[in-house]
Amino acid sequence: MKGLGVKILGVGSYLPGNPITNEELSKMYGLDFNVEMVRNKIGIHTRHIAPDNIATSDVAAEAAKIALKRAGIKATDLDRILLGTSTPDYTNTAASCNVQFLLGATCPVGDTTESCAGFIYALDHAIRLVQTGLKYVCVIGADIKSRFVRKDDPVFCPIFGDGGAAFILGACDVNEGFMVSELFADGSGLKNIYVPAGGSVMPASIETVTQGLHGTVMTVSGKRMVEISIKLMADIAQKACDKFGIKPGDVDIFIPHQANYLIMKGVAEKLGIPISKMEVSINKAANTIAGTLPITFTQAYESGKLTPGKIILMTTAASGYAGGAAIYKVPK
19 MKGLGVKILG
29 VGSYLPGNPI
39 TNEELSKMYG
49 LDFNVEMVRN
59 KIGIHTRHIA
69 PDNIATSDVA
79 AEAAKIALKR
89 AGIKATDLDR
99 ILLGTSTPDY
109 TNTAASCNVQ
119 FLLGATCPVG
129 DTTESCAGFI
139 YALDHAIRLV
149 QTGLKYVCVI
159 GADIKSRFVR
169 KDDPVFCPIF
179 GDGGAAFILG
189 ACDVNEGFMV
199 SELFADGSGL
209 KNIYVPAGGS
219 VMPASIETVT
229 QGLHGTVMTV
239 SGKRMVEISI
249 KLMADIAQKA
259 CDKFGIKPGD
269 VDIFIPHQAN
279 YLIMKGVAEK
289 LGIPISKMEV
299 SINKAANTIA
309 GTLPITFTQA
319 YESGKLTPGK
329 IILMTTAASG
339 YAGGAAIYKV
349 PK
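Each residue of the sequence shown is one higher than the one before, counting from 19 in my numbering.
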């Protein structure tokens, strides 16, 4: 089948601060959690936590600078900047506005907030913009989730990390580049994983802060969340593969959302994809929310795996629920 006529011109990722081991995190916050379980089952060895003077827009801009350099274009050449994030700098302004300022760009911008699906949603939007005539679009996934989990939470505190990555998109032949981009949403899962306070439903107050309502909470069992995540990610990935006309096991590189190694492995097994084809960054970066897909893609690029003709399948699912999948054929 013919593709979407859009390719990646440059990629870049940025992980703020130094890597922090599980043992170091436990000592840093005085947090008692199962270090071995986090390492061996969830798959996290280290994560990065942004210094206090670093905001999400800073992370996004640093990643974009690298992507722009690799693409061989200037920030002023950009026609649009799209940022997927659920941890913007402020609640009333798009963090992408500051990304534009930090880069020295002059183009329109926009944020999308589908949590762990923020990047795939922004990517789909970016692809459509290039298809309809824009020359260069910068799409970024970045989050500083460490500021939205309670430091005394032994479940969520160890699994999240801060970071982001960017793609620069441009037009190409329809026989290469992005071949398929598929999205889904199902609002029935809105409160399965969420931050109760800080929005219009429960505005921030002294009470919400003292009650710890600004941290991430989960209202279903961990086992059930794993089952849901595997199904959602596998289903949308299968849909993308069906549309492209291939079996999931035929892809060369598989990049699932890096939420939990057990989930990632479960998705690969459900799709019939050998684990040897799965690209993993959760061990180094933890779950960076909207950052996981582009960070992992960039890792594959930097390791020399993205040779011409290779087929890459990306898939994710997020709270809400929302998610998506994309298939990319590396251009010649």
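To be clear, the hints were calculated from the coordinates, so they are not data collected in a lab.
One or more of the hints may lead you astray.
What the hints assert, rightly or not - In the PhoX-like style, the derived pairs of lysine-lysine whose C-alpha atoms are separated by at most 25 Å in a straight line are:
id: 1; residue 1: 295; residue 2: 350
id: 2; residue 1: 241; residue 2: 288
id: 3; residue 1: 20; residue 2: 153
id: 4; residue 1: 261; residue 2: 283
id: 5; residue 1: 20; residue 2: 350
id: 6; residue 1: 83; residue 2: 241
id: 7; residue 1: 257; residue 2: 20
id: 8; residue 1: 209; residue 2: 241
id: 9; residue 1: 265; residue 2: 323
Stated by the list, open to error - Across the chosen pairs, the derived CB separations fall in these ranges:
id: 10; residue 1: 71; residue 2: 216; range: 13 to 23 Å
id: 11; residue 1: 126; residue 2: 244; range: 19 to 29 Å
id: 12; residue 1: 109; residue 2: 70; range: 13 to 23 Å
id: 13; residue 1: 288; residue 2: 236; range: 19 to 29 Å
Heads up, the beta-carbon is just placed ideally off N, CA and C, and yes, glycines get one too.
Hints and how they fare:
| no. | hint | verdict |
| --- | --- | --- |
| 1 | 295 <-> 350 | holds, 21 Å |
| 2 | 241 <-> 288 | holds, 16 Å |
| 3 | 20 <-> 153 | holds, 20 Å |
| 4 | 261 <-> 283 | holds, 23 Å |
| 5 | 20 <-> 350 | holds, 16 Å |
| 6 | 83 <-> 241 | violated, 40 Å |
| 7 | 257 <-> 20 | holds, 16 Å |
| 8 | 209 <-> 241 | holds, 16 Å |
| 9 | 265 <-> 323 | holds, 20 Å |
| 10 | 71 <-> 216: 13 to 23 Å | holds, 22 Å |
| 11 | 126 <-> 244: 19 to 29 Å | violated, 39 Å |
| 12 | 109 <-> 70: 13 to 23 Å | holds, 19 Å |
| 13 | 288 <-> 236: 19 to 29 Å | holds, 22 Å |
Violated hints, listed in ascending order, are 6 and 11; each of the other numbered hints is respected by the structure.
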